[in-house]
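One line per chain: the protein sequences are A and B, in this order. Counting in numbering that gives the first Met the number 0, the first sequence runs without a single skipped number right up to 500 at its last residue. Counting in numbering that gives the first Met the number 0, the second sequence runs without a single skipped number right up to 638 at its last residue.
No wet-lab data here; the hints were simulated from the structure. Source: prediction; values computed, not measured. Among these hints, one or two may not hold up.
Stated by the list, open to error - Here are the simulated DSS-like pairs of lysine-lysine, each with C-alpha atoms no more than 30 Å apart in a straight line:
#1 A:Lys300 to B:Lys30
#2 B:Lys120 to A:Lys459
#3 B:Lys81 to B:Lys67
#4 B:Lys558 to B:Lys570
#5 A:Lys110 to A:Lys21
#6 B:Lys558 to A:Lys300
#7 B:Lys30 to A:Lys459
#8 B:Lys120 to A:Lys370
#9 A:Lys455 to B:Lys67
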Amino acid sequence: MDILSLFVVIPVLTITAILLLKDTRQVRLVSAFGMGLQLLMAAVLVYLYLSARHAGNIDEMLFVKDYLWFKSLNIHYAVGVDGISVAMISLTSLVVFAGIFASWEVEILKKEFFISLILLATGVFGFFISIDLFTMFLFYELAVIPMYLLIGIWGSGPKEYSAMKLTLMLMGGSALLLVGLLGIYFNSSPDKNQLTFNILEISKVVIPLPAQRMFFPLTFMGFGVLGALFPFHTWSPDGHASAPTAVSMLHAGVLMKLGGYGAFRVAIFLMPEAAHELSWIFIILTSISVIYGAFGAIAQKDLKYINAYSSVSHCGLVLFAVLMMNQTAMTGAIIQMISHGLMTALFFGLIGMIYGRTHTRMISEMGGLMKVIPFLSVCYVIAGLASLGLPGLSGFVAEMTIFVGAFQHPELFYRIVTIIVVSSIVITAVYILRVIAILLLGPTTNEHFEHLPDAKWFEKISVITLIGSVAAIGLAPFWLSTMIGTSMHPIIERILALNPF
Amino acid sequence: MINFSYTIWIPLLPFLMFLLLGLAGHKLKPKLSGLLGTGGLGLITILSYITAYRYFFTSEKVNGAYQKIIASNFTWLQFTDKLHIDMGVLLDPISVMMLVVITTVSFMVHIYSLGYMKGEKGFERFFAFLSLFSFSMLGLVLATNIFQMYIFWELVGVSSFLLIGFYYQKPSAVRASKKAFIVTRFADLGFLIGILILSFNTKTFDFITLTDPMGTAIAQGGGIAFLGLSVMTWSMIFVFMGGVGKSAMFPFHIWLPDAMEGPTPVSALIHAATMVVAGVYLVARMFPIYALSAPVALNVVAYVGAFSSLFAAVIACTQTDIKRVLAYSTMSQIGYMMLALGVSGYGGHEGLGYMASMFHLFTHAMFKALLFLGAGAIIHAVHSNYMTEMGGLRKYLPITHITFLIACLTIAGIPPLSGFFSKDEILAAAFHSNKILFAVEYAVAGLTAFYMFRLYFSVFWGKDTHYSHEPHEAPATMTIPLIILAVGSVVTGFIPFNKLVTSDGKIFESELELMIAIPSVLIGLLGIGIAYVMYRKESAIPDKLAATFKYSYKWAYNKFYMDELYLFITKKIIFRYIAEPVAWFDRHVVDATMNAIATVTQGVSYRIRGFQSGQLQKYAVVFITGAIMLSILFIYLWK
Chain A
0 MDILSLFVVI
10 PVLTITAILL
20 LKDTRQVRLV
30 SAFGMGLQLL
40 MAAVLVYLYL
50 SARHAGNIDE
60 MLFVKDYLWF
70 KSLNIHYAVG
80 VDGISVAMIS
90 LTSLVVFAGI
100 FASWEVEILK
110 KEFFISLILL
120 ATGVFGFFIS
130 IDLFTMFLFY
140 ELAVIPMYLL
150 IGIWGSGPKE
160 YSAMKLTLML
170 MGGSALLLVG
180 LLGIYFNSSP
190 DKNQLTFNIL
200 EISKVVIPLP
210 AQRMFFPLTF
220 MGFGVLGALF
230 PFHTWSPDGH
240 ASAPTAVSML
250 HAGVLMKLGG
260 YGAFRVAIFL
270 MPEAAHELSW
280 IFIILTSISV
290 IYGAFGAIAQ
300 KDLKYINAYS
310 SVSHCGLVLF
320 AVLMMNQTAM
330 TGAIIQMISH
340 GLMTALFFGL
350 IGMIYGRTHT
360 RMISEMGGLM
370 KVIPFLSVCY
380 VIAGLASLGL
390 PGLSGFVAEM
400 TIFVGAFQHP
410 ELFYRIVTII
420 VVSSIVITAV
430 YILRVIAILL
440 LGPTTNEHFE
450 HLPDAKWFEK
460 ISVITLIGSV
470 AAIGLAPFWL
480 STMIGTSMHP
490 IIERILALNP
500 F
Chain B
0 MINFSYTIWI
10 PLLPFLMFLL
20 LGLAGHKLKP
30 KLSGLLGTGG
40 LGLITILSYI
50 TAYRYFFTSE
60 KVNGAYQKII
70 ASNFTWLQFT
80 DKLHIDMGVL
90 LDPISVMMLV
100 VITTVSFMVH
110 IYSLGYMKGE
120 KGFERFFAFL
130 SLFSFSMLGL
140 VLATNIFQMY
150 IFWELVGVSS
160 FLLIGFYYQK
170 PSAVRASKKA
180 FIVTRFADLG
190 FLIGILILSF
200 NTKTFDFITL
210 TDPMGTAIAQ
220 GGGIAFLGLS
230 VMTWSMIFVF
240 MGGVGKSAMF
250 PFHIWLPDAM
260 EGPTPVSALI
270 HAATMVVAGV
280 YLVARMFPIY
290 ALSAPVALNV
300 VAYVGAFSSL
310 FAAVIACTQT
320 DIKRVLAYST
330 MSQIGYMMLA
340 LGVSGYGGHE
350 GLGYMASMFH
360 LFTHAMFKAL
370 LFLGAGAIIH
380 AVHSNYMTEM
390 GGLRKYLPIT
400 HITFLIACLT
410 IAGIPPLSGF
420 FSKDEILAAA
430 FHSNKILFAV
440 EYAVAGLTAF
450 YMFRLYFSVF
460 WGKDTHYSHE
470 PHEAPATMTI
480 PLIILAVGSV
490 VTGFIPFNKL
500 VTSDGKIFES
510 ELELMIAIPS
520 VLIGLLGIGI
530 AYVMYRKESA
540 IPDKLAATFK
550 YSYKWAYNKF
560 YMDELYLFIT
570 KKIIFRYIAE
580 PVAWFDRHVV
590 DATMNAIATV
600 TQGVSYRIRG
610 FQSGQLQKYA
620 VVFITGAIML
630 SILFIYLWK
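This is chain B alone, in the form it adopts within the complex (with noise of 0.2 Å):
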């Protein structure tokens, strides 16, 4: 057995960094806390690769498959004999694949932060914010049993509250940091729901235990109906809707969109890279109970999946922010993911979708990190986020150029980018499971080239546009990054998914099914050749396209309107339906009522404080009057 505890240190390093940035930021050089924080992740990469080597070359196989190894724990919180919230390190092939993600990334983004947010106020406080955004997403990913990945998970949200409301003076971002908040929130309601009712009917939050394919969790799961459905399928479900928060699935993406607001580095890492993808991994987590409890509730992942690549993919061909873009991108590709583990099945061949999920993930976190942090070069070079403003960069940015063009063709999985193997095997899988939700993809594969050239061609070829001063290329702290990520897109491709990450831990074999490769990849040209006619040259096509299909181009360009439903949710339901009326009824029904009980006290003791005046000569009156009458009614009625 090899000795992993020091794995402890991985999650540890980056808290004790933010503590460090966060109480002692503003007393060190800005350049000093940068460098702190860079180099505190630089070492955890380190180790990180350190782990994953260890873990998929010379730790042990039982049986063939990889074992899930608890590297620490810790009783953090007891509440009864059986349920208690434990702290601890879990390493099996997909959280050290993680490690492998979000070190890489996270680095990565360090290093451009650097030169991106120079001279930035709160330097600082960005290198601790990322600091502890790294903490709650390694901890997230590296979680033993459900309780401890809710803690997280809860952190990496408000790691990203506080990033996206970075720059805290303007309004707009103040918004989007607010929205996400309370969008995720909302689901994770759904997670904690979740949690109760599976905790409550297996006695357990461990994930080894609760995963166990011969254990007893999975084997209850059918039991107790509701609804006609199971109670795990139930909690299932809830569970899911917290990934659906976190991931940006519709309907509750709508926070992903307005997240850009935060730097561009931090929409690379959080909002393309790591966080959004959480949604999945939980999934993932959880795949023995999906797969083999609740095929009801994966049948839902498979669904809302699909429907959130396509939604999000027609949208993205109209938007004119380059970040929106990428956003609208993002929810696509990570509905690729959801819908690939949708459609798998547990242990083998039958995994296929599984493997491909986890493997489009480790692509897509390369690729869409490259994308973000090029279109922040592209920014921070033009001081504009439109692509209507921008043109013909191809000029002036040479290295940002090329390593976009590369991410652009892996997106649109052109062979033999990486994009290309993990697009592949998920279509394979679906085409295997699911012919409906296949087509649905193979359109997506198309509208991603397309819209992914449109942005390409638009501010790289297009118009010459006059730019008030000339942009100029980044310096080396945003380019190095930047080709290291292009390197990563190009050879990822090759890593043996097959081999490494699978449902039940075991090798199976896979090939390239060139029956599904070959139309993928004409699709994927197919819409890179449209957009070539479209934005190579400035051309009047694309308006009159707009103009013909005016409606469905409005609806689409407004999101569907989904903002705005949420605003009538927000400000016309909740605020002034429910809690302006609350605050009313409390003031005038509840307190009104105490308020009449004090009146009607003391008006009546108004009236009967004559009663007791002190004064002899009327309590003689009254005796006097008293004595009479009683006198006259004793005399009367003995009569």
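Chain A on its own, in the form it takes in the complex (with noise of 0.2 Å):
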């Protein structure tokens, strides 16, 4: 058994657990206690991978493991990571961990709740560790199915409605996606006659230009819908305004960045020609995500709103960045999809404890919630703070980075957009702001607020592992950027050698 397929192993291995089990009140410890092994073992990774960069190991793909699933299509499970996936792989296990204790009051259905959301854990996982396309594309399948009963059935609000729009729109993407991840196949071999749908082996290829031309769009927007990309993002406020707490921690947190690091690792891998050529209309489009995201937040009532707007502008600047294509930014947006992924997962949390406490999400029916709940209240800040930037916390790190590598570009129209962009810094600051100061302080106005529990246990564990992960990211941001970026090495040079620019 090579480590990576124990990523995938061990949330199995959890959900078989919880289905033997009799007593439901043990279901949470053992997701716990699974996705605790699994927290471990992405920390495990990677030390593994860094003590094998160290040790002189210059693959592009440590661990690669490749077993020949479907002979005539040469379909293979094959898993292999760089250090850009083994980021991605501590970001999920960190929120999933997360999530595990934000939803550790359940009242329904505990057992099939758990289940749902660690099979969903485990798409992920296996996204991230696949380096063959059609392993890849099962396993996001596999994480986008189970938001359907996640929403469906443990929601809020309009929840069938939610549930059915979000899953539709998501399913509409993998459409677009499977043709384009097909085209892709077919001409990843010259001859015709060993078609492949290792990521590795295509990259050595290069894809006729037409062929990308019509691929690339597709791929991109596959994608682009699971990244929130305007004007395909609409399923994202109704979708986690429904959710519950930890799915949308998850959805937010993890399933998002899927897209980004989709549109990443195989539309612009390795379709670089037809991206640079294309990438203006995606840059505009992305920007206007960015922009639009964050004024759309500022006019948002529902906390959940204006996180799910938020979280359109921030992912908007993961999908902008990528468009760059320079180290600088790419590595960037790796950093973002990660600070990102804490910070909203972190908010999201956030949002179902005061929820589970007030019983109104409504910014306008709260007050002065700092003097009731001040452990929960001075998180949210904190977690405000990372979103809009400050520099000690992950938001800081990442967005600069975009910004000081996407204004490297050598044409001044990109250098335009990004100052566009740039701009958004300070309406994030409005609209985070303005919930601080309706939310959290000023006097308590609902005199009912006035005597609730604040953080219990659980949901202290919880925030405080989010919060530890987005200052660590802030303090300490280089190794971090060191690893991806030096993943990110091999993977500009092809992109460079096909597009002197």
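From the two separate chains plus the hints, produce the assembled complex.
Structure follows, in structure tokens:
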């Protein structure tokens, strides 16, 4: 058994264990244990990865394992990681771990809830370790489908509508994506006799330009739907608003990252020429996402909607940076994914905890919570500061890497767009501070809120895990940035070799 | 070479203190937290003094110039091969001077707060925030590169936000903190864009490389033009925008008066002595570029400074809240410093304005902190901010009275107090460079003396007000800092800045120019005289004057309606005309389109689902009808 497959096997074993349990109260313990183990494995993986690199291993992917799965179509179960996927795996295990504790007190159908949640996580882990497009797509679908059940059953508000909308829109994205992936597959071999889904092998050939022009937009948009690319982002506000806490955390925290990661790893890495040619279209769309999402967030009244629009803005920045196609900006995109994943999971976790106490998410109905629930409120402020890019927390590192990187683009058009995108830091500050001021500060407006209990132990575990990670990246970004940057190097080399600009 | 590597502890110690008090503060006794914070700051004050002594008097000079010393440096974040953010400590005359200013004032404010904040809820939180602020401010001045400066620039912004909003249950304080953060954030956007343009063209963030007068950055600066100005000029104007925000220059000054909602020691530390001069420091730090490569940008600095100083001085004459008078006074004095930089040249006697600006920054820190702390003692005694509710306080608060008077005389520029010397140098520099700006500043000197003594007379003399309970002098923890700062205000004027802090690090000769000094003292005395007549005793003159100049008075009293303009932009334009339409558009156009696709699909499928009803009879009917029709058709066609 190789180490990477463990990331799929552990969740599956956890699910099996939950299925066998009779006592529903033990379900959460088992889940916490399983995902704790997963977190530990992620730490081990980081250690193994770094020591392998330190020992001078310069392969593009490490721990590569390849099993032939379906011979006639040359489909493999192939896994392997580089610094980027290791970072994404660590992010996922942190968010899942925190998510388990945030849903400690799920009331109905405990067993089924945790099974679906962990199944979703399995899909995400599988996606990040895959280097075979088919396996990757398989895990991608595995991650998306439990979402329908999680929102439709355990959600709130117009949950059936939201669940349906989210699933249909993501499936629409998948459809585009599947066409794109098949297009890549059928062009993966110049003489058409040994077609392959393996990313590393495809990267050794050059897909003909007409094919790139056709399949790049499909693949990019397919992943873009999940990455909340304007105008395909509208599943996000409704979906998040209806989803239960842990699902929002996982969805915004890691699932939306599948979009950014895929867009970078598949669409741009395999089809760099078309990406360069068409990037201006998508640069405009993503810039709209960034600014428009931020303005949209200012006018919202529901905490989750605010965060959903904020995610549109922040994820737009990821795709924006990826399209800049240089070392710094793309490294920034990965850091932004991690940073946004942690911080948005933190936000949604906290919103769930506040909602559990006040039974409302309308900011106008709340006020002065700082005095009543200081721990949660302080954490909310920290999350807010991270989101508006305060130095010392992860958001700053990510955004600055993106901005500086994007501004190195040799063409003036891209630099001007960068300046427009940079202005989002002000808009972000406006909506974050507006919420903090109304929600937490000022006098306590509702007398029913005067005796709310502060965070319980499991909530503290969830929140502290995330805040610790956000602060760690913010205070000492060099190791993460170096780990990602080193792995980015061969990718950029390939892109530049095909696009001398 | 002297070893300065220990200086890294000067910013680090307050940071550790912040972590300690922030994470474990609520478990400690409040008094212990306060003492820990103060003790830590005392320690770094001593360290800073030692550093200043060693730097100015024992370190080696090269060609008669003070050297820029990198005491420590490491790469914090690598962007590209050439662009990387370092964290480190840069020692040069201005950063060492700022070390002394910041630690001195911060230490005084810490001691003062032990008395002032006693018994307040959140005492340990207050000291944690103060430590955070000290850390950020020290990091800012010691920065080795412009990005490090930007990082700490943001951090002082957030500490200011936290401290203004310290009384977080008071809606006005919350509003003020939010406003301060957003306005300065907007200005910081300019700073960031400036950094991006600058680094794109010079490929470095490093201050020493950037500001080397012989270096490539300055040499190539005249290059590529955009709208008639060079790229370097653009980037320097953008960078200056950050300074305008932080230093509360027009038009980004609107946050500063509201920031007075914070506790008074905070106003003294952040909004008078240290953070608000960061903009001046920024221009001084980049000065060789401004002077040698972007003279247009330097002119912008001069005019913004001059206008702000006049604008603020006029408003200060009409305000009644003592802290707001002081806030506008701060803005006006910082305008002086900006102007001095703006009219300065680089090197030798040409750099008189640069030296004067730094000199005034130093003396202003002492006397303005003193004024604010004095105001705090007054507010502490009478529980009000409004001068209209005060009067005759000299009997009750003797120590505060004397120290406050010293500070007022200092800011009015009466010799031999420190303000006289530094202001005189600024006026001299302006005189030799631009007569119009000189005239403006000369008038502002008179206004300054007037509004300060208006404040002084109405608080300490004026009508005998009846207080609900008798005001009493502040405790020793509060009066001792007042006395120390008063001594500082008196003696710092004699520091020979022309030998220590100059634009190129070399000594130059400067003398008191009597032709400028005498008239400036006279106009100061005139201002005091008018204030004496109007406010020494209760008199009807102020009201009559206000009635005569009704409209101009009303405009000035309402701060020229800048706040209303700000509210109009944020509430109306941004919220009502941008954000809400965007939200509406998203729901009713983008999302509605997606829903429409779904509805259409659903509708169509309802229509066509009848085709597959599963009823054999129906299929048979359709099949037979179709077959017959086709047969008829074929027969008809073939015939």
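#### Entry: Violations among the numbered hints
1, 6 and 9
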